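So the sequences go chain by chain: A and B. For the first sequence, the residue numbers in the numbering used here are 4 to 600. For the second sequence, the residue numbers in the numbering used here are 4 to 383.
Derived by calculation from the structure, the hints in this document are not laboratory data. Predicted model only: the values in this text are computed from it and were never measured. For each residue, glycine too, the CB sits at the ideal point set by N, CA and C. Don't take each hint at face value.
[As the list claims (entries may be wrong)] With a cut-off of at most 30 Å between alpha-carbon atoms, the simulated DSBU-like pairs for lysine-lysine come out as follows: (1) A:Lys577 <-> B:Lys339; (2) A:Lys515 <-> A:Lys575; (3) B:Lys208 <-> A:Lys518; (4) B:Lys366 <-> A:Lys574; (5) B:Lys197 <-> A:Lys557; (6) B:Lys352 <-> A:Lys585; (7) A:Lys518 <-> B:Lys352; (8) B:Lys205 <-> A:Lys598; (9) B:Lys339 <-> A:Lys578; (10) A:Lys568 <-> B:Lys284; (11) B:Lys197 <-> A:Lys577; (12) B:Lys333 <-> A:Lys568; (13) A:Lys557 <-> B:Lys208; (14) B:Lys197 <-> A:Lys579; (15) B:Lys352 <-> A:Lys521.
[Claimed, not checked] With beta-carbon atoms standing in for the labels, derived distance ranges: (16) B:Lys205 <-> A:Ala532: 28 to 34 Å; (17) A:Ala532 <-> B:Ser150: 54 to 60 Å; (18) A:Lys464 <-> B:Glu307: 43 to 49 Å; (19) A:Ser358 <-> B:Lys284: 37 to 43 Å; (20) B:Lys359 <-> A:Ala532: 38 to 44 Å; (21) B:Lys359 <-> A:Pro589: 36 to 42 Å; (22) A:Asp160 <-> B:Lys205: 54 to 60 Å.
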Amino acid sequence: MKHIRNFCVIAHIDHGKSTLSDRLLQTTNTVADRDMKEQTLDDMDLERERGITIKSHAVQMNYKHTDGVEYVFNLIDTPGHVDFSYEVSRSIAACEGALLIVDATQGIQAQTISNLFLALEHDLEIIPVLNKIDMVSAMVEKVSDQVIDLIGGSSDDIVLASGKTGEGVLDILAAIVDRIPPPKGDPEAPLQALVFDSIFNPFRGVIANIRLLNGTLRKGDKVKFIATGAEYSADEIGVLKMDNQPEKVLSAGNVGYIITGIKQSKEIKVGDTLTLTENPGEMIHGFEEVKPMVFAGIFPLDNDDFEDLRDSLEKLQLNDASLVFEPESSAALGFGFRCGFLGMLHLDIIQERLSREFNQDVITTIPNVSYYAYTKRDPDELVMVRNPTELPDPTRLDRVEEPYISAQIITDVEYIGGIMNLCIEKRGMLTKQHYLSPERVEMNFELPLAEIVFDFYDRLKSISRGYASFDYQPLDYRESDLVKMDIKLNGENVDALSALVHRSKAESFGRKICKKLKELLPRQQFMIAVQAAIGAKIIARESLSALRKDVTAKCYGGDISRKRKLLEKQKKGKKKMRQFGKIEVPQRAFLDVLKLD
Amino acid sequence: MSGLYLHIPFCKQACHYCDFHFSTSMKYKGEMTQAIVQELILRKDYLEDKHLSSVYFGGGTPSLLDEEELNTLFETIKACFVLGADAEITLEANPDDITEENLARWQASPINRLSIGIQSFADEDLTYMNRAHNAVEARRCIAMAQSFGFKNLTVDLIYGTPTMSDVTWENNVRTLIDAGVPHLSCYALTVEPKTALAYQIKTGKSREVEEEQAARQFEILMRWLEDAGYEHYEISNFALPGHRAVHNSNYWLASHYLGVGPSAHSFNGHSRQWNIANNAKYLKSIAALKENEEEATVGLYEIENLSPADQYNEYILTGLRTSWGVTTDKMAAPFKAYFIEGIHQFVDKGLVFEEKSVFVLTKEGRLLADRIASDLFFSN
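Please take these sequences and the hints and turn them into a complete structure.
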């Protein structure tokens, strides 16, 4: 056990986590140079394209230290987005140390800090690494000071590295051996293994990645997941090389995987404790059920595809247990599903995967958070509202509560004013402001979650020209003056576009939505009135004039081919339209309507 | 009967809206006629039926061809094809090229129809479009052509330009009616990508083309010409009885045609192909073809084979634009029911008129021809 080192990597998006991880894999010969591709650990196409890690990954490396001894390193790569912070916390709980990677050209970011605090809470040994020191814009001294301010120590403790040139990689490997403590644990004690990730494999079922804290696991053992209470047999266990490598025994301190024949990933919960049915160990502290934060309706473009959509969502859920869904029906869109997501990125990813992996074109309704409503008749009984149409009628409604979050924003001092304005506009309250250095400031806000769902992150980025980072945790539910705003097309409610909004912002929100819809709707042979309403009261209106003329001037020998292709393309676009009465609404309009300026 | 199109890719100056292939450099003009002659000889067998109902010199500006060039081309055409006495032989001519000298030599050639690119009789519009002629030349050229015996004239007009008022437009149309021009092609100004006009609009140097204005002026056009006895036989084409364009009608009737010269399109019933739209590369390809006749394509053209669905879509696209409309009799069997199912909503809306299973756009329908066609298109 004393030759094992378990560590994770904490870094902000774009700070070079994946590139540096690639270098560690290469230097320890875990991946042959010829098999090397960028972001080796990110195996979903989407991850590579977007340059972010969506799922955790773990990999074991063998490293021969300067003392001649071979060490086993378990690297746990964590997701890099605020939507997935629970997974990050479980990965941290599985380690004794962490590499804190900070981009020397950018400095500390909010997400780095919140994950760093998580790591410190778990008593992880932190090895700060300044990455990208080969860049001309690297500010080694300045960023070193920020790091020392944050975690103490001296500048000698900071490893200078470049994932690009490979500089400092050997120093990192040595520091992992010298500074991260070997795992503690008793191989003879009852088994306690933390599930920090699960992966769906179409042939093998669900594979759980585990960190053994105490005890020993043998192939064929009868095992039990404590939170779900489900019992299985350990069909295969092993360690996580680039591919899974089966072993007969795994014992305390090590990281590995277990295959039990589980078919659905919702049967395995990240954070759960695996133990033996005989002589079971105790539950490991810190398990939480992952709760969706954002809800949206997902409807098939064509009603006939409802069952196919259900099938696709079920398949997606096999390897993404954080996706939840239940059937719902909409007057405008027919039958579909109300889905719960960890955040907007998660929603975006699910939508993209439905289209790419399952060829499902869907309509997504305006996303919302979940609200607590109380009726006058029974003011103590909570009615959960996950869809604006579920909000009780105003005459029966006693009060509504909405979820609040606590947000941390780290930025350069020059952007304080702009960020302050944004947060106030978003109904936020500044609770703390703290200077990390004379130029860097950490601001803490309490904000309604609903306000950050749509465009908060993009606006924050543009206000700070990219120099602000953002992280949040759920706080509580607070009473709020919320109203249901409906959107009408030629007088007909389109329930998929209804939203719960704060009364003070209803009018401006309504105006923006109407204006945006006017841009997104194709003109039709009649005029279309786009209206926003609260109850019977119209609060905003736009009208889209009728299409007067749609005919090509010239159609001679050289025009026919080109013209035919153009009209064929239009025809395909029309197939992606949804008919509301006489009005055709393009699929994209439902999501793009929220891209308000 | 087949059609023959010759593309003469040279212009004195570039009209701002034009996206046809042309060059304002006359560098290759001499070689070009020789190459087109070569192409005619090499590709004459493209047309199964060698009887030509029409020959059309388009461009570019074919009125830039000199006497010798025209003679060589006609000699080759006559050697390769059968040119009947009643064949329509059209030359596109710009008003500034319509001189007594040119008219005299065209009259002496087999040319029996002139297509004059007048576009407008108002200087303001002509300047906006960057035409090479002015309003005076525009007015004078028609009478001059007629006096040299060219009664069979067609004139191009453009409406919807930001500079054009409804009154100017009415005057333009009336001028041609009064002059007794038997055929008119009237086009709504269209902003084609990669043209000077598109750039000017993008950079705010020109006003956007307004749909409402174009629609209104199209309606003015239809009203005036109907009253004057012209038949509106295609969206942009109007003719006095007996004066429909033979050549252009061929395109809408899916007759076969051969196009020679850079960028020219050809059609043989089951495929379309188009020559490379680059003068130097065209010349090179023709030279290579000459040396090695075995090799059918030396970068001269691209070809597209038409699937049954493509053919159906093209029939809808072209047929709906005409006064003879579309009928299920001319559709391949699998598309008939599909078409009938789709067309009825337009009949109900008054956009399409049905008589004895023939479907023709109404006046209202003509304003929305593309939308209706694309709705009726078959797509997998």
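Hints, one by one, checked against the model:
no. : hint                              : verdict
1   : A:Lys577 <-> B:Lys339             : holds, 21 Å
2   : A:Lys515 <-> A:Lys575             : holds, 29 Å
3   : B:Lys208 <-> A:Lys518             : holds, 27 Å
4   : B:Lys366 <-> A:Lys574             : holds, 23 Å
5   : B:Lys197 <-> A:Lys557             : holds, 17 Å
6   : B:Lys352 <-> A:Lys585             : holds, 12 Å
7   : A:Lys518 <-> B:Lys352             : holds, 29 Å
8   : B:Lys205 <-> A:Lys598             : holds, 24 Å
9   : B:Lys339 <-> A:Lys578             : holds, 20 Å
10  : A:Lys568 <-> B:Lys284             : holds, 26 Å
11  : B:Lys197 <-> A:Lys577             : holds, 27 Å
12  : B:Lys333 <-> A:Lys568             : holds, 21 Å
13  : A:Lys557 <-> B:Lys208             : holds, 25 Å
14  : B:Lys197 <-> A:Lys579             : holds, 29 Å
15  : B:Lys352 <-> A:Lys521             : holds, 24 Å
16  : B:Lys205 <-> A:Ala532: 28 to 34 Å : holds, 31 Å
17  : A:Ala532 <-> B:Ser150: 54 to 60 Å : holds, 59 Å
18  : A:Lys464 <-> B:Glu307: 43 to 49 Å : holds, 45 Å
19  : A:Ser358 <-> B:Lys284: 37 to 43 Å : holds, 40 Å
20  : B:Lys359 <-> A:Ala532: 38 to 44 Å : holds, 41 Å
21  : B:Lys359 <-> A:Pro589: 36 to 42 Å : holds, 38 Å
22  : A:Asp160 <-> B:Lys205: 54 to 60 Å : holds, 56 Å
Consistency note: the structure conflicts with none of the earlier hints.
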